[in-house]
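Residue numbers (my numbering), protein chains in the order written: chain A, 4 to 320; chain B, 16 to 339; chain C, 1435 to 1745.
One or more of the hints may lead you astray.
[To be verified] The following label-pair restraints were derived from C-beta to C-beta distances:
1. C:Y1473 - A:R61: 55 to 65 Å
2. C:S1647 - B:Q143: 15 to 25 Å
3. B:K276 - A:P303: 40 to 50 Å
4. C:V1650 - B:A154: 29 to 39 Å
No lab work stands behind these hints, which were simulated from the structure alone. Think of the CB as a built atom: it goes at the ideal place given N, C-alpha and C, for glycine as much as any other residue.
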Amino acid sequence: MSVRVEHLSIAYRTRSGDVCPVDDVSFSVADGEIMGLAGESGSGKSTLGTSLIYLDARMRCLGGMVELDGQRLPIADSRAMRPYRMTEVSLIPQYAMSALNPTRKVRQLIADLLRSHGVRDREVMAELKRRIALVGLGQDVLDRYSFELSGGMRQRVTLLISTLLDPSLLIADEVTSALDVSTQRAVGEMMMEFRDRGISKSMIVITHDLSILAQVADSILVMYAGRLAERASTGTIIEAPLHPYTQLLLASLPEVGVRYDQTTLTGIPGRPPSLANPPEGCRFRARCPFAFDRCATTPPFEEVAPGHFVACWKAAA
Amino acid sequence: MTSLLRIDRLSKLYGTSRLGGGLVPALRQVSFDIDGGEVVTLIGESGSGKTTLGRIILRLTSASSGQVSFDGQDISAYSGPRLREYYRHVQGVFQDPFSSYNPIYRADRVFELVRASYFGQLPRPRWQDKIEAALHAVALNPGDVLGRYPHQLSGGQQQRLLIARALLLDVKLLIADEIISMLDASTRVDILNLLISLKRSGLAILFITHDLSLGHYVSDRTVILRRGAVVEMGDTVEVFGHPRHPYTRNLLTAVPELHKKWRRPDAGTAADPGGGAAADPPPAASSVARRRRWPARTAQHDGALEPPPLVPVGPGHLAAESEP
Amino acid sequence: MSDVTATAPDAPEPAVAPLPGAPAAAIPLVPRRRGDLVYYALRNRKLVAGLSIEALFVLAALLGPAISPHNTTDYFLAHLPPSAQHWLGTDYFGHDVFAQLVTGLRESYLVGALGALCAALVGMALGFTAGYRGGMLDDVLQMITNIMVMIPSLVLLIVIGAYLKTRGVLFEGVFIGLTTWPWVARAVRAQTFTLRSRDFVDLARLSGRRAWSIVVRDIAPNMASYLFLVVVLLFGSSMLLAASYDFLGLGPTNTISLGTMMNQSTLWSALQLHVWWWFVPPGLVLTGMVAALLVANVGLDEVFNPKLREQ
Chain A
4 MSVRVEHLSI
14 AYRTRSGDVC
24 PVDDVSFSVA
34 DGEIMGLAGE
44 SGSGKSTLGT
54 SLIYLDARMR
64 CLGGMVELDG
74 QRLPIADSRA
84 MRPYRMTEVS
94 LIPQYAMSAL
104 NPTRKVRQLI
114 ADLLRSHGVR
124 DREVMAELKR
134 RIALVGLGQD
144 VLDRYSFELS
154 GGMRQRVTLL
164 ISTLLDPSLL
174 IADEVTSALD
184 VSTQRAVGEM
194 MMEFRDRGIS
204 KSMIVITHDL
214 SILAQVADSI
224 LVMYAGRLAE
234 RASTGTIIEA
244 PLHPYTQLLL
254 ASLPEVGVRY
264 DQTTLTGIPG
274 RPPSLANPPE
284 GCRFRARCPF
294 AFDRCATTPP
304 FEEVAPGHFV
314 ACWKAAA
Chain B
16 MTSLLRIDRL
26 SKLYGTSRLG
36 GGLVPALRQV
46 SFDIDGGEVV
56 TLIGESGSGK
66 TTLGRIILRL
76 TSASSGQVSF
86 DGQDISAYSG
96 PRLREYYRHV
106 QGVFQDPFSS
116 YNPIYRADRV
126 FELVRASYFG
136 QLPRPRWQDK
146 IEAALHAVAL
156 NPGDVLGRYP
166 HQLSGGQQQR
176 LLIARALLLD
186 VKLLIADEII
196 SMLDASTRVD
206 ILNLLISLKR
216 SGLAILFITH
226 DLSLGHYVSD
236 RTVILRRGAV
246 VEMGDTVEVF
256 GHPRHPYTRN
266 LLTAVPELHK
276 KWRRPDAGTA
286 ADPGGGAAAD
296 PPPAASSVAR
306 RRRWPARTAQ
316 HDGALEPPPL
326 VPVGPGHLAA
336 ESEP
Chain C
1435 MSDVTATAPD
1445 APEPAVAPLP
1455 GAPAAAIPLV
1465 PRRRGDLVYY
1475 ALRNRKLVAG
1485 LSIEALFVLA
1495 ALLGPAISPH
1505 NTTDYFLAHL
1515 PPSAQHWLGT
1525 DYFGHDVFAQ
1535 LVTGLRESYL
1545 VGALGALCAA
1555 LVGMALGFTA
1565 GYRGGMLDDV
1575 LQMITNIMVM
1585 IPSLVLLIVI
1595 GAYLKTRGVL
1605 FEGVFIGLTT
1615 WPWVARAVRA
1625 QTFTLRSRDF
1635 VDLARLSGRR
1645 AWSIVVRDIA
1655 PNMASYLFLV
1665 VVLLFGSSML
1675 LAASYDFLGL
1685 GPTNTISLGT
1695 MMNQSTLWSA
1705 LQLHVWWWFV
1715 PPGLVLTGMV
1725 AALLVANVGL
1735 DEVFNPKLRE
1745 Q
């Protein structure tokens, strides 16, 4: 097992009390696997992904364990996590494109990173050149400032910098959302290539876009309102999902080839529950067309078929 | 029948550095029509000029050359009361629903703005009826949204409210600029279906998007924009079914689909990440970048100010010859 | 229609404030929760400290002349040190220093208010116009602003002063206002540019709103906190500037102010004669007034801008 998360719960403080965007989450990602973490806004997917590497001052870990390559990750202790960041676990945060320091050339950004981890530039120079070519950029990108690069190029530079120290786990948070379709494809294929070459062992790709995950991910984990809804291989999730939320979500995605006068797509009525005051039992109950009495108690996230986990009374039945 | 909106050789140029000239064409000789009750989708990636086009139609930006005619009349001369009359028939909804609201006021102030300019004489109770009718038309419960602040509403509700605002007037044409890209997947489809029901009651819509599957779902005709010029346009099913321009073909192969993996595109137009027909456009021209960069590459990326002409390639289907 | 349209206006130059403590950016006063602002305001040490000290001075200005046992025109023995009868002693002419101090406080506040008001009105009017309209009008207004900046106000004051028989507080206040507005205009212009490109301004245009209405109802309220801080800053800088002019002898000819006190004390060798009670109190009071105001201003900026609040 490359990554193992057990009963992880994260809370953050607000003026109206504690909010739990990650509530008792357990899953594992194998070596060489790209897992997609899908969910809508307010599902907690970003918090889950980023908590594996960094918990900001407002957040705290309420419980649970994270293990990487057999070693426990001290995610609750920010200082203890320092040696792991970028070398074992790396993150490409949301809006990474805008996060590159505009006053420093790319070359200097890379040098800063290497220096802070005690690595000499010379040692990685040859590898760096190879990787720049791998992501499809010219060698001259080292001497550019970030504002001179287009969105797609910046995203690739970010990918490069985040994986420079060969982390075991790469977490990519909404890296394709702001990109054009052709650049999305380029970045997606690049992530797969990085995994194929062993530059990073496993990946967690966080996005709301299931169709990108259908291309890139080996397995998909669906989150809803802070809890896990379903986990299975990509093929299973797309073709035979068991959780009503997954089914409705897939049904609301227009594909090229679908027109309104042939098929009417439907969305999911209602809104996700507020995490400040979550309802009892299954959190999807209010919007679920299949809800029945048992849904008043929280369904456990359990394996109903090999490699297929669902948190739903109807599916488990 | 004269079309509702006619765009004729519209161009928009931005000057870059103050010294030394250099022009960035945001739009190059764009021409197409929109008929009443028709949904036309304008597909383009970033840098294609699609938002600029929408803004020019809404008179929020001026064009450099070319003409936009509504109901047969040139809109560029409008100002003051005539412009207000224009806005009675042509309205817009933008990408970020939250930023369309002034955060210090309640959300329904957007209705008040319309009332002050257009319905000052209408008695309060009749105005209330009008608001409720518009809210019902967008499937919003008045009790849920009236009196609330924008941050208390969801993205879907905010967008619907903005569409309801447009419906208070006598809109014949709605410019919808990426209106669902910031919404969750489960609410997107509802807004799309709302647009379709509005189209069925006679509203023409210019649906601006970068998402091809949305364009295909909702529109009658499609115009594909690349770096400010039209590369292909025509009936939606025809364009998507038989794409002629290499750029269109590239776009279609790059769209991630649920049930099909990305396949290799047609020979001759390899989708390589670094360049080629589907390369992402250069960054917004900054004067520093301009002065430092290689002039030859600049000229190539800008594209000629005169784009290749469109030739008919099928019934109601036009495509341009490929640019280098 | 011209063939080439100018780019979006250049990034506005950073406005150089006359004093430290100028606010960085416009934060709209979004009513997240009623009483939010008050809650944070009461807990901000800088704001509370600054306001309390300022309140003391204001109180002194309001009540001082009433509680002072002597008037400014009464004569006593000269150079009396502070005592029970004369709380701050007397000056060269035998006037009670405390009475002068509290009268001077009033004049200083008055000049400060007048100067701030004038500068704010002119600066905001020009700043909003230039920021909203852009284009040619902006270029012309920029030119005017630059010309105003170049004109040395001290020299101007000397020249104008030479032609006036008497100068009053009104003149001084208005003069300061009309010479310090460029900073305000630039700052307001910069913020207006930023806000003008927001979608809700576009929506207001699409609703047929007129330009002035958009500026007053949509743009200005979103920079309300910024404008408020700017006015407070102007108030402090006007007081300081007035004191400097007074000290040089260019102040009002018919009233006492803190600056004129210091001017008089210097002219009459108070320092050499160790008559510290004549020049130290006005200097200290002036420093205290302006410093308290600026500290309160920084605190207010923190209250308005959640990002500045220390956790």
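Verification of the hints:
no.	hint	verdict
1	C:Y1473 - A:R61: 55 to 65 Å	18 Å, violated
2	C:S1647 - B:Q143: 15 to 25 Å	23 Å, holds
3	B:K276 - A:P303: 40 to 50 Å	34 Å, violated
4	C:V1650 - B:A154: 29 to 39 Å	35 Å, holds
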